[in-house]
Every structure is written in structure tokens, then in C-alpha cells.
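Start from the sequences, fold in the hints, and give me the full structure.
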Amino acid sequence: MFSRISTLFLLYLSSPPTLRSPQESTSDHDHHGDCSSQCNTGPIQCCDSVDKAGSSAVSPILGLLGVVIQDLNVLVGINCSPISVIGVGGDSCSATPVCCENNTFNGLIAVGCVPVIINL
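Numbering follows our numbering, with no gaps: position 39 of the sequence shown is 33.
Please note: incorrect hints may appear among the correct ones.
As the list claims (entries may be wrong) - So the derived label-pair ranges between C-beta atoms look like this:
1) S53 to T98: 15 to 25 Å
2) G60 to I111: 30 to 40 Å
3) T35 to N73: 15 to 25 Å
4) G57 to N100: 16 to 26 Å
5) I111 to D42: 15 to 25 Å
6) P109 to L66: 12 to 22 Å
7) S88 to V62: 27 to 37 Å
For the record, the hints were derived by calculation from the structure and aren't laboratory data.
Ideal Cβ positions, reconstructed from N, Cα and C, are used throughout, including at glycine.
Pasting the structure below:
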């Protein structure tokens, strides 16, 4: 438990002092096709969990990192890692694949996430 708190604190110290509130997408498009067309903000992320910023699971982490998000309905990914190409070279996601606007916390959290539907 102490190591997770110290990791959060170190990430907080190395993070930018402010984090803009991500814009929510108003698009109802399904995400199909190749990976590059699904995520224009960087690689698709594979997150252990994804929940709203105001949830009891996410809110304390955001507080420890000093992240202020205006819209508590924005999706935040927890413990995320990038996926370069789905299904090639062993890169796969058994958790939640998402496309996120802000992943500046070394994978601990990713803000402004949108679920990605993967069709293999």
C-alpha cells in the first residue's frame, strides 16, 4: 500500500501543474477499422479499468495527483499501457481498450477516454 502511495506522489511531482478538462465527444460513431483510424491522439490504450472521474474508484487517485477535472462524467482509464497493433506480435488487450486524450501520467491514469470496439 505504501509503495502505491509513494508512486502516486512521485507521479504527482513529475506531472504538469495543470491538466485541462478534456472535451467530450458528441459523436455516436462506432469505432471500427484499423487502429490508426480509431485513435488520433496516440496509440490505443489497454486499461485495467475505466470509470467516470467522479466515481469512488477514480476520484481519490485524481485527488492524490492534484488533477482537477470539470466534468465528473469524463471517463478515466486506470493503469493503462499502449497497444501498437491489435493482434500482432503479442500485443493484445484482455482488459478495456480505449482511446484517451491525455495520458501524461505514465500509464497510471489516462483522461478523456472513449471505448474502442475491436473487431478481429
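Honestly, do I111 and D42 meet the 15 to 25 Å range at C-beta?
19 Å, holds
Would you say the C-beta atoms of S88 and V62 sit inside 27 to 37 Å of each other?
At roughly 32 Å between Cβ atoms, V62 and S88 fall inside 27 to 37 Å, so the hint holds.
Outcome of range test on Cβ distance (P109, L66; 12 to 22 Å):
18 Å, holds
Status of the given 30 to 40 Å range, CB of I111 versus CB of G60
Roughly 33 Å apart at Cβ, these two residues keep to the hinted range, so it holds.
Satisfaction of the hinted span 15 to 25 Å by the C-beta atoms belonging to S53 and T98:
19 Å, holds
Holds or violated: 15 to 25 Å for the Cβ distance of T35 and N73?
19 Å, holds
Does the Cβ-Cβ separation between G57 and N100 fall within 16 to 26 Å?
Roughly 18 Å apart at Cβ, these two residues keep to the hinted range, so it holds.
Of the hints listed earlier, there is not a single one the structure fails to meet.
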